[in-house]
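Residue numbers (the numbering used here): 1 to 191.
In case anyone wonders, no lab produced these hints; they're calculated from the structure.
Heads up, the beta-carbon is just placed ideally off N, CA and C, and yes, glycines get one too.
Mixed in with the good hints, there may be bad ones.
To be verified - Restraint-style ranges between C-beta atoms, simulated for each label pair: (1) G68 to P176: 35 to 43 angstroms; (2) A87 to D49: 19 to 27 angstroms; (3) G182 to I48: 31 to 39 angstroms; (4) D90 to V5: 31 to 39 angstroms.
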Amino acid sequence: MAQYVAFRSGVEVRAANLLALFEAPGRAYAPMIMKIMIKHGLHQLMAIDWLPMQLWLDAQREIEDTIGEHTLFALGKKAPDVVAWPAGIDSIEAALASIDVAYHLNHRIDGEPMFDLRTGVMKEGIGHYRCHARGDRTIAVVCDTPYSSELERGLITGTARKVKPAAEVTLDEAQPTRRRGGDSCTFVVRW
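Take these sequences, add in the hints, and give me the full structure.
Quick look at the structure:
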């Protein structure tokens, strides 16, 4: 699975998520980000609730190419503060496990939500964030989404630090990565 390529058409993301772009990397980048948003037509779509995922992915690719991947890391790190998220998270294990639910809460396919909080039903079609314990105070998070590795590292870092401020997140280079043509990336969270 390639970075920046939606797995199928008809996938949308909550437009409110774009607002994090202007807060996350700092004001210095806001004009550059707005220029990219305008180029991709996203400035007009921010006034609606949902926008095509591929447009958002295209804008992220250009942000990485023109500003740098550190901007996507900052965006991902800010996401747990600004996007729809499950309530009642009180441990790092629960926080990391909640990423997949939050991811699906903030996407829909063909106008239908990807996750229903009432029924617990999750739809397929956008990939997942899966957690696996790796020993004492270590969890691996396997991501098979179309988003960039740096955005994902930021998301996992921001989520982990909500409950464990000293948590560190690294890309597991011993595992396949999308940067090297793999279908997923694995991040190791230690606290």
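For each hint, the structure was consulted:
no.	hint	result
1	G68 to P176: 35 to 43 angstroms	24 angstroms, violated
2	A87 to D49: 19 to 27 angstroms	21 angstroms, holds
3	G182 to I48: 31 to 39 angstroms	34 angstroms, holds
4	D90 to V5: 31 to 39 angstroms	36 angstroms, holds
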